[in-house]
Amino acid sequence: MQTYTHHPEEQPNGGTAQERSIATLFRQLSRDLGTLLRQESELARTELRERVGQFGSGVTALGAGALVAFAGGLVLLHAAVYALAPVFDSPALAALVVGLVASLAGVFMLMRGRKRLKAEELVPRRTVESLRQDVEIVAGGNGPRTQ
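Heads up: the sequence shown at position 35 corresponds to 913 in my numbering, and the numbers run straight through without jumps.
Across the chosen pairs, the derived CB separations fall in these ranges:
#1 L995 with A963: 37 to 45 Å
#2 V1016 with F986: 45 to 53 Å
#3 V1016 with V930: 26 to 34 Å
#4 A922 with V975: 48 to 56 Å
#5 T938 with F904: 49 to 57 Å
#6 A949 with E1014: 50 to 58 Å
#7 V930 with A957: 34 to 42 Å
#8 R927 with V965: 49 to 57 Å
#9 S935 with I1015: 34 to 42 Å
#10 L926 with A983: 30 to 38 Å
#11 V1013 with R905: 20 to 28 Å
#12 Q906 with R929: 32 to 40 Å
#13 I1015 with S981: 49 to 57 Å
#14 F986 with G912: 47 to 55 Å
Derived from the structure by calculation, the hints contain no laboratory data. Ideal Cβ placement from N, Cα and C applies to all residues, glycine included.
Using the sequences plus the hints, can you model the full thing?
As structure tokens, this is what we get:
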């Protein structure tokens, strides 16, 4: 009985064609993963830049609201002494009423600015979702799911 053995073709570098093909695939995979990581990193930077811009807008509104409330409170308290003192028969009571109104307006502006500073707004959602999909694909999942 004659036995046949398979001898893969030897390559000039000493490896077989299959070994060379696997090495090529791993090099390509390494390059592709590097490209993917660079692209994900750029997406994260871009998204964080957008979020920081929104955060800055909230801080500006908060500062402006506080400044306006403070200045308004001072002006209104001062005006109350002159305008409402005869009505209340007391400059102190008139200043208290006007100061309360100014303070409420300032609190409203501060609350509006605070809403813009929510921590979850800084999360780069698109990057997180993209990375989640990349992990699913690499782990052998079905990739992105459409709903």
